[in-house]
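Trainee: Fit the two chains together into the complex; they arrive one by one in their own frames, and the hints show the way.
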Amino acid sequence: MPVRVITTHLEFEGQVYEQRVVMEGEEPAVWGADAELRIVGKPTPRVDGRERVTGAAKYSYDIQLPGMLTAVALRSPHPHARIVSVDASEAERAPGVRAVYHRFNTADLALPGRALGIFVEEVIYQGGEVALVVAESREQAEDALRLIAVEFEPLPFVVNPKVALAADAPKVADGYANNNISDEYPKTYERGDVELGLAEADVTIELRVETPTALHNSMETHGGAAHWDGHTLTLWSSTQDVFGARRQVATALGLQQNQVHVIEHYVGGGFGSKFGAHNAGILAAYAAFTLGQPVKYMLDRTEENLAAGNRPPSIQTYRLGAKRDGTLTAIDLKTVANVGAHGDWFSPVALPAKELYQCANVRTLDIPARTNLGSQASFRAPGVVEGMAGLELAMDTLAQALGMDSLELRRKNYAERYQLLDQPYAAKKLLEMYRIGAERIGWETRNAEDRRYPEGRDGRLRRGVGMASQLWGGDGGPPAQAIAKLLPDGSAVILTGTQDIGTGTRTVLAQIAAEELRLPLDRVRVELGETEFGVFSPPSGGSMTLASVGPAVRMAAVEARKELIEIVSQLAEAPIDALEVKDGAILNRETGKEMGTVASFMKMLDGHEITARGMRGPNAEGVTVRTFGTQFAEVEVDVGTGAVRVLRIVAVHDCGRIVNPLTFSSQMEGGIIQGLGLALMEQRIVDERLGAVMNPNLGDYKVPTIRDIPEIDLILMDEPNERANTLGSLGAGEPPIIPTPGAIANAVAHALGRPVTRLPLTPDTVLNMLADEEE
Amino acid sequence: MPESPESLESTPAQALKHAIMPQRTRIRLVVNGTPHDLSIEPRRTLLDALREDLGLTGAKPGCNMGQCGACTVLLDDEAVYSCLLLAVECQDRAITTIEGLSPVGGELDAVQQAMVAHDALQCGFCTPGQALALKALLTRNPHPTDEEIDRGMAGNICRCGAYPKIREAARELAHRALA
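Sequence order for the protein chains is A and B. Quick note on the numbering used here: the first sequence kicks off at 1 and runs consecutively. Quick note on the numbering used here: the second sequence kicks off at 1001 and runs consecutively.
For reference, chain B alone in the conformation it holds in the complex (with noise of 0.2 angstroms):
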């Protein structure tokens, strides 16, 4: 339950106190092509939206300051730390997570299955940032040269050091896209 809001004269304390109990506010996201009507506080980012009220949690928060892109989704078909931005400033936007990569079950996105083809993982916390900044660059290039892949998948870490695989798999990606 939302308190009134405190005047802006209030103490240090009492301004701490208002700070702490934000209005929470209704926003629309449209998620893997489906809209959700969500009451959020405006603090939280699009990162705990999607894993605490959408329940998606292949995006995974590395560090939470955008240093490690572990929590990389597309928005508008663009690569972008999810730990950055807030749930409200992606409103109306396209938001694309590891989960709506391809249909449960289903037939996986050539970049998914490149990347197993060619273990292009190891413990897999950061392999759906790894994938969706993949799928970015593609998209925005078809067929990147070896030095367009590693500028493009620079800023995910792999910490197991799955990297020599990552740039097979990209290669293999991008010499089928130039067949």
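One chain only, chain A, in its complex shape (with noise of 0.2 angstroms):
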């Protein structure tokens, strides 16, 4: 097979990075529109839903390995606090205590790519790591903790990133080279003349929006299980990224990577929060080795909510400019974030401004400020979702501003092209979709009087229609790997590396093999989330999974299929010409007779396995993939109680074939309720007296139940995207979660007929925009 090193660019949550990747042979041509198709395209359950409904899949949570033992931690309470002393002699001494690690014993110790270690001398937010006790049990292990004595001195701290910008601000830590803010920010972008674009319009409109912190809480937290047998440290680790942990993992403890087998059959969610290794499974990881036993540490939901991630808060404050007939002649973003302490990236708020609408004079500041407070991780859509919702509330602004329907002033300002790099978008159509939603949400009668006032106008309830874009990458590329195995038995199992966070890639994956090895769903089975393959794939994340890993898996099973079809030419003394495989059976064209079944083949060659490689090609050149998509809201707005229901959402969304619509589905409604939980309820509250977080918990901090979900239209376009890849699919986690808040927002705004200033839209916060329409 021939071997090339090639170059290609991938795109990832808005960056564009060059990667050098090894291809070995090439890919099949891309699935077109008249593809024929019997399992791809099908609605599919789960491969594995067995496994899920009977408890027998097993998570990182679940691992029980003989002699293990628990791992607990102990935390800061303080925001920002220097460690003068540690006294664990006596927890060394307690019950069924094996170690206790600290900064006096265990220095060294870092994640991989975080400019602080573990154990440091200064805790800098209410929840960092002081201490970890590894028990017999997990009683003891908190027994113990109980018994470490620890002398803080507490130092001077800062939560509110407006504050922590000011000259006299607190530093957030000792370390830090830039003074609470993140290294190589701020940063800048433009284009054109904003100061000219704003002076040239007829219309200006300036708008203040916050978004407020969200946490991921996943159900299964972070953490692993983790065995050290002298040669091999195997992690179960609760990750979207095995490569990612493994890389972190072998650093961290001064191993190989080949020393490192991370391993993730099952894991409960991650929303973005679990790239890599995390602290948690470096501990683990560091335990066993230290110990020669296995050591299992999870982190409860209290540290999960602290420790373990946050979609970061933002105020973003936009100035657009417009001419009379809705032509933007300017966009202006300034976006304050805090991202907590160890915060070293921003997620990109400003895309959308970028990039969605037509405009000259673009000018995007980026600020993102450090605090005592647990750092950002990226959130499903990271940036793009609230990015979009201030961006969509400031265009309704302006569309208000101008006297123009809001939808009108988007097609008006319609991006045929991507700006940044003046090239064309490989699909988009978003126009259409903005036909299909607004006819499906009934937008032209969206101001009617007995629409508007289901109980009159003096009752109380008020109902509005808003709506919102979305535009996401979701393209992926290589580096992805797959293998393609038949067994003996005719049947054909798919190696690779990736991970199935819930979004079903199993079950894609499966039906993408199926497809190509022209065997029943049945007879394929699909093994994923280790390293120990050796068939590397990108982290789950991004919405690259499927778009990544199925061309490999689908190139694995051709060239499978291929070899099988020549071992039956010889053995059978047939011309390969003539052989196909259908439905599990070899068949002859020439003479139209079946030959035998594929199992009765392979039974012939006594154990020998056909074993296919397959990788993911170079993507496109000269063309930007991207998702687009809308959604379309009607609320009811109780002003008598400030409570916010959606009545109606209609989605409509195009990430290019579609290989399993019942999955596919699934997504997107889980994407519009987390996006409604960001719209309506969650946030975390912080005292900024106490520099602690209030609602750590699933009590207080509210995610949406099954009574808060309600009726959601969705519209799929279901059309291959032939310039991203072999299958013509994108990805589907992230672009349904992007326009809902935006939509809710600009449905209440609607409904009230005021802005929307401030995301969640809690009863509280409804009441205060309507006691200042009082004033």
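Be a bit skeptical, because a hint or two may be false.
To be verified - With the Cβ distance kept under 8 angstroms, some of the chain A side facing chain B (calculated, not the full set):
#1 Gly49
#2 Thr54
#3 Ala57
#4 Tyr61
#5 Val267
#6 Gly269
#7 Thr663
#8 Ser666
#9 Asn697
Rather than coming from a laboratory, the hints here were simulated on the basis of the structure. Glycine included, C-beta positions come from ideal geometry on N, C-alpha and C.
Mentor: Here you go:
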């Protein structure tokens, strides 16, 4: 097979990277719109549904090994303090205790990629690790924890981002070069001349939008179970990225990558918070490595909410300018965010402002402030969810100022090309999707008296309709590899290093493989979530799993089928070109005869397994591949209580070819529901006097329950994006959450006739909006 | 090895030392029809007894404070949060975990079948709890209304947001029970 080293370009969450990858062989031709497919495209229940409904699915939290020890952490109650001393002598003598790690005996341990170590002199947020106790049982470890005496010297702290940016603000950590701003920030993007554009405008508006800190709250917390056998460190890690976790654990422990085996067969959610091993995985691995005994360390719910990441809050200030006819002349955006104590990356809040609307004069300024709070982590369409909400609220405000229909304003400023690189989109059907969505929600009658006031003008209920757009990547890219094996019984197994974080990856990969192997779906098994297969796959994030790994699986299956045909041709002395595989049997097209089942030929090979490799090829050059969509929301606001109820969401999305409409719709619904949470109820609350989080749990941090779910009307475009990859499919994980908060907020603004400037729209916030109105 | 109890007038440190060395106690738990004799600390929750002592890891520790429902099991056919019960409270009660809802490799319970068919799950971590909450609801009320389904399932959080399909699965079962 010819081997080539190729250079390709990847876009991940708004950034373009060059990537060199090894490519073996050639990918099959793209499945076009007319491809006749038997299994791909059909609603298919999950291939691992049985495991998931019977409790047979083993998550990292469920791993139990003989002699396994349990670890628990002592965490800082202070937002900022120096650890003067740690007396663990009594804890070390407590029953069942094997080790207590802290800064005076474990100073060098660090999460690779992070500037500061794990056990350090200064704790820089409430919930930072101070010590780790490892004992025979969790109860023993928890008891011992209480026996550790720590002397803290509280230091000045800052948790408010605006305060953090002031010249005389307390420093978040002693070790940081850049005072309270993430390294390499602030950053400005500019095209054209924004001041000129604003001067040329007939109408300008300014809008400030604040979005909350959202906590991922994956149902399975972060952590893992580790075992060291003297040569290999095995870590069952609750991760979205087994290869990333492997790299980090190897670096942290001074091992080779091939001495670390990371497994993640099932993970209880991630939503972007579980890239790599995290501190918890590093700690479990370190303890197992040091003690020579298996160790499990899982965060509890409070720790998860303090220390496992969040969607950082943003304060977005927009200035938009437009001509009388609605043509945008300027978009200016300044974003201040609170990225927490370790925040070293800033999510692309400005992406929609840069790309969504045609505008020659655009300027964005990102100021990520570090504070003494838990750090940000990517959270399902990081930045773009909150940035889209802000931009779309600003667009509605502009439409109001222009006296123009807000949907018409969006059509007026439709971007046909990708403005940042001045190149075409591979496919963009957003105008069509606006039309479909508007029709389904009844956009034309949204101002009708009986629709807006269901109880009449004197009643307490107000209804409103709003909408927002969706823009995201989801095109994936190499490197991603797969192995297809035909087994002695004629069934197949697919090996790949990817993860199924609940999106249905196992199922769609099985469908793709069965399609190309011409086998029934139940004759194909997919094994994933292990580094030990040696089949590299990227992290499951950025909506790139299917678009990266799917084509590799397809190519592996095609290659395995070709090899089978070659073998049959030689065994049966039939011409290769006449042979094909159909429904698990070999057919001779010339004679029209079935020559035997795949199983019967595999049996003749006496235990030989056909093994073929597949790889994701390079990305298309000269075009920008994007997912687009739009959502429309209808809400009902009770002006007496401030309660907002979402009645209906109409969601129209284009993610290319849909491999499995059943799991696809689940992802759509899930994204919409998380977006509804962000719009209406989710927010971390911080007491700024104490520097402490007031609601690090699932009782006081509100997430949607089944009672909050509106009617969801999904319209799926389902046409292959032929420039994307050989499937024509794009990712669907992030697109559905992107427009929801903006659509709901615009609907509330419509219902109340007031601009929304702050999320979530809790009853309290809504009542304050109404009180402002009365003033 | 338990130490002798300290006196009640002990110093705080001694009291703590006492507190950390509770006596173990012998209990009998009847789980999925099988009795198990266990020696556990009295403070051990039902959830920990199931997972740590019996290796039944289908019930999940989502929050350990009764706020998420991932640890739901059936206690005499009623859905309970096993993280809020002490194992010692559950002696001589019929405990059903997700592992007991259908035989290994055998036909799935109707609730499990409906959840798979409707894709009423995503990551699956909350799913055993959802399945048992739904089982309890249908046992108590074989044909719940839509409102009763929402109320019956409101104590189980699904962060992936499989709710629309949990509803679909539940409604199908509710109608089947009516037919």
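Trainee: Run the structure past the numbered hints and jot down the numbers of the failing ones, going up.
Mentor: none
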